[in-house]
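**Q** Using the sequences and the accompanying hints, generate a full structural model.
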Amino acid sequence: METVLELNAVVKRFGDNEVLRGVSLSLHRHEVVCLIGASGSGKSTLLRCANLLETVDEGSISLFGQSLLSPHIDPDLVRRHIGMVFQSFNLFPHLSVLENILIGPLHALKRDGDEVREEALALLERIGLRDRADDFPDRLSGGQQQRVAIVRALAMRPSLLLLDEVTSALDPTLVGEVLDLLRDLARSGTTMLIATHEMNFARDVAHQVAYLDHGVLVEQGTPEQIFVSPRHEATRTFLDRVR
Amino acid sequence: MSLEQEADALQTPPRLFLPRRRQLLIGRRGLVASTLSTLLVLGGLVAVFYLAPGGASVRFFFFNPHHMWHSFIGDPRQGLSSVGRGLIVNIWIFLVCEVLVLFFGLIIAWTRMSQSPVLLPFRILSTTYTDVFRGIPILLVFFLVGDGLPALQLGFLSNQSPAVYGCMSLTITYSAYVAEVYRAGINSVPHGQTLAARSLGLTHYATMRRVILPQAVRTVIPPLLNDFISLQKDTALLSIFGAIEAVRAAGIYASTEFNFSGYVVAALLFLILTIPMTRYTDHLIARDRSLRLAAA
Ligand SMILES: Nc1ncnc2c1ncn2[C@@H]1O[C@H](COP(=O)(O)OP(=O)(O)OP(=O)(O)O)[C@@H](O)[C@H]1O
Ligand SMILES: [Mg+2]
Numbered sequence: 008m009e010t011v012l013e014l015n016a017v018v019k020r021f022g023d024n025e026v027l028r029g030v031s032l033s034l035h036r037h038e039v040v041c042l043i044g045a046s047g048s049g050k051s052t053l054l055r056c057a058n059l060l061e062t063v064d065e066g067s068i069s070l071f072g073q074s075l076l077s078p079h080i081d082p083d084l085v086r087r088h089i090g091m092v093f094q095s096f097n098l099f100p101h102l103s104v105l106e107n108i109l110i111g112p113l114h115a116l117k118r119d120g121d122e123v124r125e126e127a128l129a130l131l132e133r134i135g136l137r138d139r140a141d142d143f144p145d146r147l148s149g150g151q152q153q154r155v156a157i158v159r160a161l162a163m164r165p166s167l168l169l170l171d172e173v174t175s176a177l178d179p180t181l182v183g184e185v186l187d188l189l190r191d192l193a194r195s196g197t198t199m200l201i202a203t204h205e206m207n208f209a210r211d212v213a214h215q216v217a218y219l220d221h222g223v224l225v226e227q228g229t230p231e232q233i234f235v236s237p238r239h240e241a242t243r244t245f246l247d248r249v250r
Numbered sequence: 180m181s182l183e184q185e186a187d188a189l190q191t192p193p194r195l196f197l198p199r200r201r202q203l204l205i206g207r208r209g210l211v212a213s214t215l216s217t218l219l220v221l222g223g224l225v226a227v228f229y230l231a232p233g234g235a236s237v238r239f240f241f242f243n244p245h246h247m248w249h250s251f252i253g254d255p256r257q258g259l260s261s262v263g264r265g266l267i268v269n270i271w272i273f274l275v276c277e278v279l280v281l282f283f284g285l286i287i288a289w290t291r292m293s294q295s296p297v298l299l300p301f302r303i304l305s306t307t308y309t310d311v312f313r314g315i316p317i318l319l320v321f322f323l324v325g326d327g328l329p330a331l332q333l334g335f336l337s338n339q340s341p342a343v344y345g346c347m348s349l350t351i352t353y354s355a356y357v358a359e360v361y362r363a364g365i366n367s368v369p370h371g372q373t374l375a376a377r378s379l380g381l382t383h384y385a386t387m388r389r390v391i392l393p394q395a396v397r398t399v400i401p402p403l404l405n406d407f408i409s410l411q412k413d414t415a416l417l418s419i420f421g422a423i424e425a426v427r428a429a430g431i432y433a434s435t436e437f438n439f440s441g442y443v444v445a446a447l448l449f450l451i452l453t454i455p456m457t458r459y460t461d462h463l464i465a466r467d468r469s470l471r472l473a474a475a
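Chains as they are written, first to last, in the working numbering: chain A, 8 to 250; chain B, 180 to 475.
Because the hints were derived from the structure by calculation, they are not lab data. Backbone N, C-alpha and C fix where the C-beta goes; we use that ideal spot for every residue, glycine too. Careful: at least some of the hints might be erroneous.
Unchecked claim - Covered by chain A, according to a simulated footprint, are these stretches of chain B (three or more residues, beta-carbon under 8 Å):
1) 273 to 281
2) 375 to 382
Stated by the list, open to error - Which residues of chain A face chain B? A partial, calculated answer using Cβ under 10 Å:
3) R87
4) F96
5) P112
6) H114
7) R243
**A** This is how it looks when you write it as structure tokens:
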């Protein structure tokens with residue numbers, strides 16, 4: 008299978024604080040990898056390094072075999088191929104739902120307006136929010152906002168989606184609709200790297216689960232391996248604690 | 180007290196009424212009370228004005244209707260400039276400076292917040308600039324520009340009219356203020372907005388233009404209007420260089436006719452200009468506050 012994203016011995020420091028300590032991870036096309044780990048273990052940092060929102064101190068990152076840390080790389084071009092969804096949605100409050108989805112294709116990709124509009128409306132149709140296209144984000148529930156944020160990322164037709172605890176800020180009753188959308192995406196073959204605290208979900212959809220502990224990628228394997236028979240003590244302790 | 184007694188005590192309804200004296204101020208009676216107190220205070224002020232020992236001369240030297248009117252329209256034959264016409268100069272200077280300040284302030288804020296390594300020297304320059312010109316008295320800037328530039332004998336730059344030097348001084352100082360207002364507005368937009376925009380592949384410029392600035396504008400307008408109110412008043416400083424604006428005209432009137440009513444006229448005219456802006460700014464702040472409360 009073609010490798011989409013590859014991290015090799017990535018080290019990231021904030022001052023003296025070494026947040027990622029030589030993390031290696033690869034993601035193949037159509038693969039879903041779930042990243043689990045305690046709060047502060049470095050999941051968000053890892054995702055942000057992957058689309059160059061953070062600089063990396065050591066190691067290498069490549070997308071389709073091209074090194075992203077080369078000085079000749081344009082980060083804006085890289086990010087157009089990598090979608091990202093945040094814990095706090097981060098929809099643009101001054102733009103309507105539709106405009107939120109259009110802004111990337113129109114102003115980053117410079118695509119034709121009518122065509123993108125059609126696609127955006129189709130995406131909204133898919134998540135059942137087509138009739139909310141002209142509403143502003145603050146009129147939507149948290150779950151609806153997060154689904155719009157996911158669709159906003161999809162509208163860029165990214166090769167890969169990074170999702171950072173996208174259900175953590177949601178009311179428990181709204182988590183389901185967002186996870187269902189992610190399941191749907193996984194089924195249709197979207198390549199995703201998902202940081203999550205939802206263990207059941209990870210077990211369900213992940214092809215690979217990676218456990219991150221204080222910036223070290225302790226263990227990686229199929230959901231069976233990780234959840235049923237983890238090899239490392241640290242993984243076992245963590246799983247016992249979250250269950 | 181036993182627990183049962185305490186529970187019983189809670190059964191008797193608690194007192195919920197205002198004290199009787201404050202009940203008197205509710206509804207229509209409150210309106211009467213506020214009208215009365217207003218009349219009393221105003222009456223007191225007027226009484227002081229008319230009855231105080233120096234009242235008569237204050238009225239004659241400052242609030243003399245004849246001199247007020249005379250200074251307002253001016254009299255070219257007696258070499259008296261009109262305070263009213265002077266105010267038009269103030270308004271012109273204000274309008275010109277306002278546009279310049281909005282423009283230069285944005286440039287300064289933008290360079291200060293730029294990230295490109297090439298712009299580093301400009302970043303340092305603009306930071307120093309805002310620090311310096313927010314820190315020194317505007318009067319000093321006027322002297323430095325108005326007396327300093329002509330002394331330098333720089334040809335074009337040293338041969339301008341007082342009004343031009345005045346505009347330059349105002350623009351130099353207020354650009355620093357306004358740059359900081361812009362910067363505060365931009366910083367008030369949550370960082371997540373920048374992250375979201377950049378993660379869509381929008382450039383730094385597109386992020387600013389499409390995401391950050393449109394959101395910053397709303398927070399920026401009230402402080403911007405506040406600075407414009409000050410700017411409007413500070414146009415009076417042009418009188419230092421002898422530009423015939425309202426305050427200068429009133430000064431000429433005062434020294435010719437030995438009456439200061441012209442100053443009061445100038446003050447009233449400035450109030451007519453600034454009060455609508457002050458009220459409007461307060462209105463915007465209040466509206467913004469209630470919008471934010473509604474959103475929270
Ligand atoms: N911009 C930053 N500056 C300094 N330290 C940071 C910064 N961002 C993250 N950190 C530190 O890096 C460590 C890892 O943070 P990170 O947000 O990646 O953890 P996380 O696994 O996503 O946690 P959570 O589950 O709470 O989201 C933390 O100790 C945090 O304090
Ligand atoms: Mg996180």
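**Q** Are the hints correct? Go through all of them and say.
**A** We went through each hint and held it up to the structure:
no.: 1; hint: 273 to 281; verdict: violated (count 0)
no.: 2; hint: 375 to 382; verdict: holds (count 8)
no.: 3; hint: R87; verdict: 3 Å, holds
no.: 4; hint: F96; verdict: 8 Å, holds
no.: 5; hint: P112; verdict: 9 Å, holds
no.: 6; hint: H114; verdict: 5 Å, holds
no.: 7; hint: R243; verdict: 34 Å, violated
Checked against the numbered hints listed earlier, the structure breaks hints 1 and 7; every other hint is satisfied.
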